[in-house]
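The primary structure of each chain is shown beneath.
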Amino acid sequence: MTDTLQMLATITVIALATFATRVLPFLCFGSREPPAMLSTIEKNLPPMILLLLVIYCLKDVQWLAAPYGIPELFTIGVVAGLHLWKRNAMLSIFAGTGLYMALIQLKVFSFL
Amino acid sequence: MTEKEAKRHETGKGNTDFFLSALKTTVPVFLGYIPLGMAFGFLIDGAGYHWIYAFLMSLLIYAGAGQFLAVALLAAGAGLTEFAIATLLLNLRHAFYGLSLLDKFSDVGKVKPYLIFALTDETYALLTTAEVPAGGSKARFYFYIAALDHLYWIAGSVLGAGLGSLLDLNLEGMAFVLTALFVVLTIEQYFNSSVRFPFVAAVGAGAASLILFSPENMLLISIILGTLILIGREKLGQRDTQLNESVRQVKGTRQARAAAQPVQDSSQEES
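Chains as they are written, first to last, in the working numbering: chain A, 249 to 360; chain B, 4 to 274.
Just so you know, these hints were derived from the structure itself, not from any lab. The C-beta atom is built at its ideal place from N, Cα and C for all residues, glycine as well. Warning: the hint list may mix true and false statements.
Not the full set, but computed from the structure, chain A residues with beta-carbon under 7 Å of chain B [stated by the list, open to error]:
(1) ILE262
(2) ALA265
(3) PHE267
(4) LEU298
(5) LEU300
(6) VAL302
(7) LYS307
(8) ASP308
(9) ILE324
(10) GLY344
Using the sequences and the hints given, assemble the complete structure.
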């Protein structure tokens, strides 16, 4: 029971925090024009955050032990290459994920 | 059939077409959200949670990356404050989506709160790209798109959580779908905007945080660090532009005077 309440409280907090980020600009600029500085941040922050999220996904990789993060870097290379070539988001995402799962589960880089 | 009935019939038919048009617009998101939602469902099922939580999270939170992060934090036994801060930071980009929709959302009426709630990356992309069919209500079209996307996400996650408990699949590496999604979105950002410095800032801030801080704190610190780098550069750039602008203004005034001169001359000649 305590676990259930804890879980519901957690979901509520995440839901409110998520909604807060989405409603924020509407609360701040519902009636007035956004300042100029904000528009430059608006332009610069999203690309930076997305690349940081890619790096964040690699936070648990053991770079100094076999297989030295090679499956991750190799698959990211394939995803990026595929996407630059075809520009098909679904193809890049699912082909990449399938490849990574195969590399990991079949231990393709175990010779390292 | 009276004229009124005929009109009502017309509107009904229009609505169906309208809904079909929204349905067609959301097909790519359907193809993405079902498997991605399933990946989330698998993940939360694998972490040992009942499928009802997959349903509740997708219904009430409705944020892809945010929900994946939530599962990771649940596994790490994080506290409520950590959940709140991590979610705020991860989804802060959504605040910037809203900034560019202030105008578009200003006249949508009572569906506005829902449209804001349902503003995921994919829905944002559709709402900013898709054209409202001729003669239709923008509010209704936007609502259909947002609600359909939301429905796909809920369906996918419940399906994943349900199937995960039926099949004993080997899902090692499945979470890589998120990495792949971010790689693709980063490339799209690269093509869609002309700015290049944010990528440099991200590599610098990300690498530094990865080396210097623990994996759990890395995202928070790297975003703060990166934002400081961006603001710092912006301040430096502003000083440069101000200089350039004052030079340009002086030049501009001179040119304006030069341009005004012959006109004055000719008017004098005419008189």
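Here is how each hint holds up against the structure:
1. ILE262: At about 5 Å, which falls below the 7 Å cut-off, the nearest Cβ of chain B leaves the hint on ILE262(A) intact, so it holds.
2. ALA265: This interface hint holds because 4 Å falls under the 7 Å limit.
3. PHE267: It holds, given that the least Cβ distance between PHE267(A) and chain B is near 6 Å, below 7 Å.
4. LEU298: This hint holds: LEU298(A) lies near chain B, its Cβ roughly 4 Å from the closest one there, short of 7 Å.
5. LEU300: 5 Å, holds
6. VAL302: Result: holds, 5 Å to nearest chain B Cβ.
7. LYS307: 4 Å, holds
8. ASP308: 6 Å, holds
9. ILE324: At about 6 Å, which falls below the 7 Å cut-off, the nearest Cβ of chain B leaves the hint on ILE324(A) intact, so it holds.
10. GLY344: Holds, about 4 Å.
Of the numbered hints stated above, none is contradicted by the structure.
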